[in-house]
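Produce the complete structure using the sequences and hints provided.
For the record, the sequence lines run as chains A and B. Numbered according to my numbering, the first sequence terminates at residue 636, and the numbering increases by one at each position without gaps. Numbered according to my numbering, the second sequence terminates at residue 535, and the numbering increases by one at each position without gaps.
No wet-lab data here; the hints were simulated from the structure. Take the hints with a grain of salt, since some may be wrong.
Unchecked claim - In silico contact screen, one side only, chain A against chain B (beta carbon under 7 Å); selected entries:
1) T263
2) Y264
3) G267
4) I268
5) R270
6) R272
7) F362
8) G472
9) V476
10) V482
11) I490
12) T491
13) G506
14) Y606
Ideal Cβ placement from N, Cα and C applies to all residues, glycine included.
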Amino acid sequence: MSVLTTLKDEMCYCPGCSHGLALEHLGEAIDRLGVPREKVCLVSDIGCVGTADRYFNCHTFHGLHGRSITYAEGIKRARPDLLVIVLIGDGGCGIGTAHLVHAARRGVGIKIVVFNNFNFGMTGGQHSPTTPERARTTTTPGGAVEHPFDICETVAVSGAGYVARCGVFDPNCVERLEAALRYSGFSLVDLWELCVAYYVPENKLTRPGLKELSARLHMPFGLVRERPPRPGAASADGEAERKRPSSPEAISLPWCGRREVCVAGSAGQRIRSAAGVIGEMAVAAGLHVVQQDDFPITVRKGHSISNLIVSSGPVHYTGVESPHLMVLLSQDGLSRLPILGVQTEGSLLVVDESLGSVPPAARTIRVDLRRIEKESGKQTAALACLVMGVIEAGWISAERILQAAQQALVGRYREENLRAIRVGVDWQQSLSERSPATPAASM
Amino acid sequence: MREFITGNQAVVRGAMRAGCDFFAGYPITPASSILSEMIASLGSRPGRAVQTEDEIAAIGCCIGAAMTGARALTATSGPGLSLYSENIGLAQMGEVPLVIVDCQRMGPATGGATSTGEGDVVFARHVTSGSYPLPVLSAADAESAYWLTYEAFRIAERLRTPVIVLLSKDISLTRQTCDLDAIDLPTLTPRSTGGQSGSTRPYRVDSLKSVPDFVPIGGSAPVRFTGSIHGEDGLLTANRGAIDRKLSHLKEKIAANADLLEYVRNDLDADAETLVVSYGLADGAARDAVAELRDSGSRVSHLTLYSLWPMPERAIQKALTARIRRVVVPELNIGLYADELRRLVKDADIESLTRIDGGLIHPRTIAAAVCNAEAAAKLVERDERGRSCQS
Chain A
194 MSVLTTLKDE
204 MCYCPGCSHG
214 LALEHLGEAI
224 DRLGVPREKV
234 CLVSDIGCVG
244 TADRYFNCHT
254 FHGLHGRSIT
264 YAEGIKRARP
274 DLLVIVLIGD
284 GGCGIGTAHL
294 VHAARRGVGI
304 KIVVFNNFNF
314 GMTGGQHSPT
324 TPERARTTTT
334 PGGAVEHPFD
344 ICETVAVSGA
354 GYVARCGVFD
364 PNCVERLEAA
374 LRYSGFSLVD
384 LWELCVAYYV
394 PENKLTRPGL
404 KELSARLHMP
414 FGLVRERPPR
424 PGAASADGEA
434 ERKRPSSPEA
444 ISLPWCGRRE
454 VCVAGSAGQR
464 IRSAAGVIGE
474 MAVAAGLHVV
484 QQDDFPITVR
494 KGHSISNLIV
504 SSGPVHYTGV
514 ESPHLMVLLS
524 QDGLSRLPIL
534 GVQTEGSLLV
544 VDESLGSVPP
554 AARTIRVDLR
564 RIEKESGKQT
574 AALACLVMGV
584 IEAGWISAER
594 ILQAAQQALV
604 GRYREENLRA
614 IRVGVDWQQS
624 LSERSPATPA
634 ASM
Chain B
145 MREFITGNQA
155 VVRGAMRAGC
165 DFFAGYPITP
175 ASSILSEMIA
185 SLGSRPGRAV
195 QTEDEIAAIG
205 CCIGAAMTGA
215 RALTATSGPG
225 LSLYSENIGL
235 AQMGEVPLVI
245 VDCQRMGPAT
255 GGATSTGEGD
265 VVFARHVTSG
275 SYPLPVLSAA
285 DAESAYWLTY
295 EAFRIAERLR
305 TPVIVLLSKD
315 ISLTRQTCDL
325 DAIDLPTLTP
335 RSTGGQSGST
345 RPYRVDSLKS
355 VPDFVPIGGS
365 APVRFTGSIH
375 GEDGLLTANR
385 GAIDRKLSHL
395 KEKIAANADL
405 LEYVRNDLDA
415 DAETLVVSYG
425 LADGAARDAV
435 AELRDSGSRV
445 SHLTLYSLWP
455 MPERAIQKAL
465 TARIRRVVVP
475 ELNIGLYADE
485 LRRLVKDADI
495 ESLTRIDGGL
505 IHPRTIAAAV
515 CNAEAAAKLV
525 ERDERGRSCQ
535 S
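Quick look at the structure:
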């Protein structure tokens with residue numbers, strides 16, 4: 194029994210319309226493959242040919258105009274064993290050009306049959322992307338002026354594996370369709386047709402006229418392109434499932450209440466990483482942490498600001514307006530603070546000494562960022578400064594922070610980060626040697 | 145085990161826990177990390193995660209895959225949700241189980257790509273032509289992003305509907321402490337497939353409220369899917385009775401199950417005269433404000449909404465205890481949900497607190513609205529004292 198259940202004259206199409214004949218050819222081509230009907234899915238676009246689902250006894254999917262290619266790709270990706278065929282018109286190839294091109298590039302093995310009759314039949318004979326120059330349609334009463342869209346060349350240069358163009362009355366039409374369906378990668382057949390309701394009466398197009406049109410437009414019938422199928426074209430290039438870092442042995446850090454930190458600098462200073470390292474250590478120690486970042490979409494240039502909240506209890510409100518500790522490492526960061534409404538009054542400010550008018554703070558420590566960079570490495574100086582600030586604020590002792598870092602840090606940057614933390618500890622100690630800090634409740 | 149993860153990572157974890165096995169998306173800030181993490185997470189399943197040429201292709205791929213039986217997810221931001229619009233209608237009409245994450249950002253159009261805002265809360269409700277209902281959930285932090293994504297898959301499967309999960313930039317990209325493994329989640333029920341006999345009438349329902357069995361494309365018997373108005377056989381119909389039945393069913397299956405779609409957190413005080421209703425990013429500030437107000441002796445109730453549509457009317461009515469006279473609604477938009485609440489709440493004043501510049505609403509702003517300026521001043525003092533004790 195054929196996959197096509199209805200004869201062309203019993204279909205809904207206008208007498209003389211090519212769609213019925215084209216569908217009979219397609220039905221025969223599918224039958225020749227011998228694929229069970231439950232392994233075939235037709236995905237129909239919008240337009241007269243979009244009504245064809247009902248004439249086939251197989252899976253059918255009828256979606257939105259121009260998007261049939263996307264549904265087909267989703268079906269094929271999820272069920273590579275299915276024969277997935279798109280029935281689309283020339284209009285659909287226009288509105289869905291992006292899908293046509295990029296599906297061809299990806300090469301997922303869907304089969305596209307274009308029912309190309311040079312105009313929009315369903316909506317009243319308007320011009321379509323394939324309407325030849327000078328052709329008259331209801332929207333080109335003086336003759337079309339746009340260059341016609343070469344569907345075959347477009348998908349061929351985009352990587353389509355099998356591309357052919359043929360007239361619906363060509364004796365080898367079924368063979369062309371069959372070859373396209375047998376091709377294992379992305380394939381397309383551009384099937385030229387007659388729309389007897391609009392295009393034919395307006396433009397006196399005839400059966401032999403299709404061949405003449407093909408010659409005039411330099412779009413020859415026949416095989417346009419055939420490439421060997423690309424292996425694994427449908428594969429995503431993702432890596433194997435990432436493993437979560439194993440739970441580090443928890444140490445506990447004594448902590449009182451909610452403390453807010455702002456680290457402000459420039460892209461490239463690894464501001465967010467610095468805040469993240471302290472955050473990860475705090476989480477590993479059983480504290481509650483929020484890290485909220487601000488940066489422009491050009492992530493390698495401009496400001497980079499990270500707000501960190503470390504709390505002994507759950508954190509609900511995630512905003513930071515007046516941090517208890519601010520580490521300010523570049524003019525970019527400084528300039529951005531007023532926009533974010535971040536104030537520093539009452540806080541400890543650790544600031545690069547090269548910066549000019551810095552915000553008022555209860556206590557300001559000026560550091561030579563270039564020297565710290567030399568010791569810790571440029572990439573992790575922000576972390577060193579942050580560690581310096583955290584100890585100087587009296588929240589945690591140098592010993593504790595080194596211990597927590599040893600236990601909590603994992604991953605490829607572990608050694609680099611540990612070194613920076615040691616540098617931060619050393620700098621804080623040299624600070625207190627120079628000018629002993631007011632005794633804080635050191636933990 | 146406590147972890148330190150972003151809201152977007154929590155979405156990915158929730159999806160994977162729910163058995164998500166298909167993802168398609170297009171890069172957009174602040175949703176892009178869901179795309180990259182899903183490609184990594186589904187890396188062992190070739191072809192099942194893809195970055196497409198645009199948002200239309202992304203949701204199209206998901207719909208195709210979902211109809212073969214995949215548990216599909218896509219994620220975008222407001223501009224991308226606009227491009228999803230027509231296909232969300234297709235997913236409604238075709239009754240496609242599908243989870244859509246919208247990581248909201250500031251303003252209309254390109255807006256503020258890296259700034260926060262929660263202006264899609266009503267857009268998400270009426271996101272497509274025809275305005276048929278679909279469930280919309282709203283995360284308040286990374287942890288709720290996790291379990292709501294999981295719940296979204298349950299709802300999508302159970303009601304055969306697209307479900308939208310809202311986050312916003314400062315939830316999506318903010319790292320927070322989470323203990324996801326400790327969250328108790330209900331078990332997933334497999335799709336009822338109705339067997340082979342369902343294939344001839346894939347949209348058959350016993351009543352307007354019931355949900356058709358899922359007969360997958362590629363199953364043992366051919367089945368029809370369509371976004372055009374159709375009868376129970378999945379073929380176009382012009383029969384007005386069949387049309388009315390189909391469209392009424394799309395409304396009824398959501399309305400009749402509204403109670404199942406109610407996700408809230410109650411923190412009520414029977415003697416309170418003010419109720420704070422919050423969702424999304426403003427919820428954290430509301431929780432802190434309510435805690436501080438109570439510390440200073442105020443009586444106040446708080447209702448957190450994790451589901452926005454259908455509006456959780458039962459929970460809201462329950463929170464409107466006898467003495468409630470005012471309802472304070474903080475939101476990071478122009479006051480969208482407060483407007484909707486005014487339709488429901490007749491015996492109390494709705495006070496809308498809004499912020500639209502990319503900043504957060506501070507707990508003090510909410511506290512001030514709840515009590516009065518004097519009490520708020522006290523809170524400022526307390527805050528200052530807290531600061532000095534800490535430093």
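Each hint tested on the structure:
1. Of the supplied interface hints, the one on A/T263 holds, with its beta-carbon coming within about 3 Å of a beta-carbon of chain B, less than 7 Å.
2. With a cut of 7 Å, the hint placing A/Y264 at the interface with chain B holds, because the nearest CB-to-CB distance is about 4 Å.
3. A cut of 7 Å between beta carbons decides the hint on A/G267: the least distance to chain B is about 3 Å, and the hint holds.
4. With its C-beta approaching chain B no nearer than about 4 Å, A/I268 sits inside the 7 Å limit, and its interface hint holds.
5. Interface hint at A/R270: satisfied, since its Cβ lies 4 Å from the closest Cβ of chain B, which is below the 7 Å cut-off.
6. Below 7 Å, beta-carbon pairs count as interface contacts, and A/R272 has one with chain B at about 4 Å; its hint therefore holds.
7. A least Cβ separation of about 29 Å between A/F362 and chain B goes past the 7 Å threshold, and the interface hint is therefore violated.
8. Interface hint at A/G472: satisfied, since its Cβ lies 5 Å from the closest Cβ of chain B, which is below the 7 Å cut-off.
9. Nearest Cβ of chain B to the Cβ of A/V476: about 4 Å, under the 7 Å cut. The hint holds.
10. With its C-beta approaching chain B no nearer than about 5 Å, A/V482 sits inside the 7 Å limit, and its interface hint holds.
11. About 5 Å separates the beta-carbon of A/I490 from the nearest beta-carbon of chain B, less than 7 Å, and the hint is met.
12. At about 10 Å, the closest approach between the beta carbon of A/T491 and any beta carbon in chain B exceeds 7 Å, and the interface hint on this residue is violated.
13. Because the closest C-beta pair between A/G506 and chain B is about 10 Å apart, greater than 7 Å, the hint is violated.
14. Interface hint at A/Y606: violated, since its Cβ lies 15 Å from the closest Cβ of chain B, which is beyond the 7 Å cut-off.
Of the numbered hints stated above, those contradicted by the structure are hints 7, 12, 13, 14, listed in ascending order.
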